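**Student:** From just these sequences and the hints, can you work out the full model?
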Amino acid sequence: MIDAVGLVKDYGDVRALAGLDLRVAPGEIYGLLGPNGAGKTTTLRILAALDRPTSGRLMVAGFDPSDDAIEVKKRVGYVAETAILYESLTPREYFEFVASTRRLDRGVVKRASTLADAFDLGSHYDVPIGALSLGTKQKIAIIAAVMHSPPLLLLDEPLNGLDAKSGRILKEVVSLHARGGGGVVFSSHIMEVAEAMCTRIGIVNEGRVVAEGTMEELRALSGRRDSSLEELFLKLTEEEGFVAETIGRLREDASRGP
Amino acid sequence: MDLEEEWRASAVAYAELVYRPIIRSGYTSRDIGSIKAVRRALTGASVNKAIFALFTMAGALFPFVIYATGLERLSLTVTVSLSILLVFGYVVLYCVQVLPSFVSSGSFAPLSTMPLSSLEVSRVAGLTLWRTLDYILLASLISQIGAVAFFTNSPAGTLLVAFASVLSTLLAVGLSFWLTSVFQRRLEGGSLTGIRAFFRPLYFVLWGLGVMSAVFLFSLISYVAPPLQAALTDPASPAGFVLSLILPFSAGIVSTHFQGEPVSRLSLTLGLAGLVVAGLATAAATRVTLGVVTGVVLPTRELSSHAAKTGLKFRIHGPLFAYVLKDLRVSSRNPATGFLFALPFFEIIAVVVPLTAASVVKMSVVLVGAQVGGGFALFVAFLLVTVEDLGVERRTALPFSDSVRTLSKVVVSAAAFLPVPVALSLVLAGKPTTFWGSEAVPALAAVSVFAACVFEVSVLKALAENGRGMAMKFAAGIGTGELLLILPAFVYAIVFVMSRDHVAALTALSVSTALELAAACFVLEPKGAIRRRVGSGPSERVVP
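Order-wise, the sequence lines are chains A and B.
All residue numbers for the first sequence refer to the numbering used here, where the first residue is 1 and numbers rise by one.
All residue numbers for the second sequence refer to the numbering used here, where the first residue is 1001 and numbers rise by one.
Misleading hints may appear alongside valid ones.
[What the hints assert, rightly or not] Just a few of them, taken from the derived set where beta-carbon distance is under 10 Å, the chain A residues facing chain B: (1) Val72; (2) Tyr94; (3) Arg106; (4) Ala145.
[Said to hold, decoys possible] A few chain B residues that don't get close to chain A, going by computed Cβ distances all over 12 Å: (5) Glu1004; (6) Glu1005; (7) Leu1042; (8) Leu1054; (9) Ala1162; (10) His1317; (11) Arg1329; (12) Pro1354; (13) Phe1400; (14) Glu1439; (15) Ala1443; (16) Val1447; (17) Phe1474.
[As the list claims (entries may be wrong)] Covered stretches of chain A (chain B as the covering partner; in silico rule of three or more C-beta atoms under 8 Å from a C-beta of chain B): (18) 45-57; (19) 75-89; (20) 116-126.
To be clear, the hints were calculated from the coordinates, so they are not data collected in a lab.
The structure displayed is predicted, hence computed values, not measured ones.
Note that CB positions come from ideal geometry on N, CA and C, so glycine has one too.
**Tutor:** Shown next, in the form of structure tokens:
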């Protein structure tokens, strides 16, 4: 479903991706973890054909996003880190626009309605999106991304702003999608979520995947059989020492008082 | 916080106002995210302000140039009145472009979280507003005051015009500010109906007034001045009575009196009363402005009320129709583009008035009339591309092609032009013309406008991809469109001058228009792009 080899992305003098390799198979939920600025969002934007890599080889759902961006976009559902929506449209108008642009059949209305009910969106259909809360905007972005049942879901911090109930619904939507044979790439800062949901996890640091595998494989890689994902993450991104040192300093400052 | 600190803080807030839309637009230029990008944005904003200030100066001085050169027989009353009116229009035009980002919620959010009093934050916001409007306000005041001083040599008249100019400018800012905030609050407050919807037509009229100012400058002054002059010299007539009480005309009347020219006692009384009314209205407008500024700084967000739950039903359209519908919805709810729905009305006035005034319609008048309306269409296309919902299109993962984006903007712009050829045709059907073939011109003009908009939108998008500033986009985009718009008329003129044959000239015009259309179709669909990319069936699906 995704086959990326040696992806490099430069923004002027800044190298956002430095030879990233990534493979995702149908039915997989792949968790993309990494510190801030590691290149997760850039990776997802390139996979969604919103950005072109500076170099490297990439196939998404059987197409090269650089050559066939439209074909890739047809097969992808993308939720950005910050919901990208027309704020002056209402959710109903926005769903109408998305469904029409994707040339979906009438069946999508029922699917969108089911998803909207699941996310408890019922009282907001005719309110301008700009007037809605962050979490409600995120729900709209999620419904718009999955309403066409795409083969591949690319979710960049999809739990941003969602309440516990909606978070649970989203996890179920993602699981069902994967069980139906769809692929999912899921970036999150919430380690518990990644640990519970993802079939495979890739840890990105400084623009490349530094470790990859199932939880067991990552534990084996770090040499710690019972460690949590958070501990593995800090070790694999080489931030364990820095975090321990910083925490020590903060505690020392706090003990001295204001 | 003392004034100096507030002034420095306003520089930070102003930079935020200028830079925020660029970041939100999703453009990824080479230096985005660095301080260079902020500096570039500030320079671009200064260039934009300077260009608009030059336009305003031209608008303020134009009636005085006509007055001094005698190109039209204008009295001083009408000259001063038109100058103030034109500047009022330009200020409104500028304000409705820039104020939406000023009043949009979040512009001053970082400032409002600091431990400052509301008065201090309001003062910073006021200074930021000044930074936003400084060039245009200074340019309008200096040019008007300078012109009156130069042409009248009357200190009293100059002082009076200075006073009237300040009043008019404050009124323009206050009115635009209030209406912009009404639009913005409507979107952020969640209300799509209600009393605020009542003010939308007024907003559109204001927008139209700004656009009409540009038209006044080039073509309408000779049609507007004589009836205006007649009305103002007869204050006993209903039109003269009402006009004498309205600001730009009242100032014109009183300044003429100070110049020493004869003004009737009734006119002078009405003019002075008009200035008093304007003063009171300006005080109210200034209060409104301050109120909005405070509201911006300390927003009282109106969260949408929780309506009863309803079922989700929507219709599915073709991609292009859906896109056009979306463009219409977004633009009708955006303060900076909403005016295009009132545009056909103003276009018809601008195009038909000169035609109806002529006893026999010459071919040149028909060609120029079509050009004026075409210019409006190019302006609409420019706004649709540049003001669109903060670059959502550049960041969304929906599978529409560039051709659909371009075509949608072109369809909306060309549709805004369509009343012009219809009105032209109707006038031509009822008027004698110098050439029977002139009735073909409106339809050909519609084709040319379509082609010009295609090229304009394509140029604008290419420049946007490279992160070019607004001034560059305006000059290159509108310039390209105008070139294509003028080309057929130019070809007509050349062939006619060489052959003195209207039929040959019309044939040449038709051929050049057809070539423009062919080129536009090639730009739109170089390899059958639209059919292949959008019409190739629905998205592939998985069944969970």
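**Student:** Decide, hint by hint, whether the structure agrees.
**Tutor:** Structure-based check of each hint:
Checking Val72(A) against chain B: minimum C-beta separation of about 8 Å stays under 10 Å; hint holds. The restraint placing Tyr94(A) at the interface with chain B holds, with a minimum CB-CB distance near 9 Å, inside the 10 Å limit. This hint holds: Arg106(A) has a C-beta 6 Å from the nearest C-beta of chain B, less than the 10 Å allowed. Look at Ala145(A): its Cβ gets to within about 8 Å of chain B, closer than 10 Å, so that hint holds up.
For Glu1004(B), the non-interface assignment is confirmed: its Cβ lies about 31 Å from the closest Cβ of chain A, beyond the 12 Å cut-off. With a minimum CB-CB distance of about 27 Å to chain A, Glu1005(B) clears the 12 Å threshold, and the non-interface call stands. Listed as outside the interface, Leu1042(B) is consistent with that label: its C-beta sits roughly 19 Å from the nearest C-beta of chain A, beyond the 12 Å cut-off. With a least beta-carbon separation of about 32 Å from chain A, Leu1054(B) lies farther than 12 Å from that chain, consistent with its non-interface assignment.
Its beta-carbon lying about 40 Å from the closest one in chain A, Ala1162(B) satisfies the requirement of being farther than 12 Å from that chain. Listed as outside the interface, His1317(B) is inconsistent with that label: its C-beta sits roughly 4 Å from the nearest C-beta of chain A, within the 12 Å cut-off. Not every C-beta of chain A lies more than 12 Å from that of Arg1329(B), the closest at about 6 Å, which undercuts listing it as non-interface. Against the 12 Å criterion, Pro1354(B) stays outside the reach of chain A, whose nearest CB is about 37 Å from its own CB.
Listed as a non-interface residue, Phe1400(B) fails to keep its Cβ farther than 12 Å from every Cβ of chain A; the least gap is roughly 5 Å. Against the 12 Å criterion, Glu1439(B) stays outside the reach of chain A, whose nearest CB is about 39 Å from its own CB. For Ala1443(B), the requirement that its beta carbon stay farther than 12 Å from each beta carbon of chain A is met, with the minimum near 31 Å. Residue placement check: Val1447(B) keeps its beta carbon more than 12 Å from all beta carbons of chain A (closest about 28 Å).
Interface exclusion of Phe1474(B) from chain A stands, the closest Cβ pair being 23 Å apart, more than 12 Å. Residues of the region 45-57 of chain A lying with their CB closer than 8 Å to a CB of chain B number 4, which satisfies the three-residue condition for coverage. Coverage of the region 75-89 of chain A by chain B holds. Counting CB-CB distances below 8 Å, 11 residues qualify, and the rule asks for three or more. Look at the region 116-126 of chain A against chain B: 8 of its residues bring a Cβ nearer than 8 Å to a Cβ of that chain, three or more, so the hint holds.
In this structure, the hints that do not hold are numbers 10, 11, 13, in rising order.
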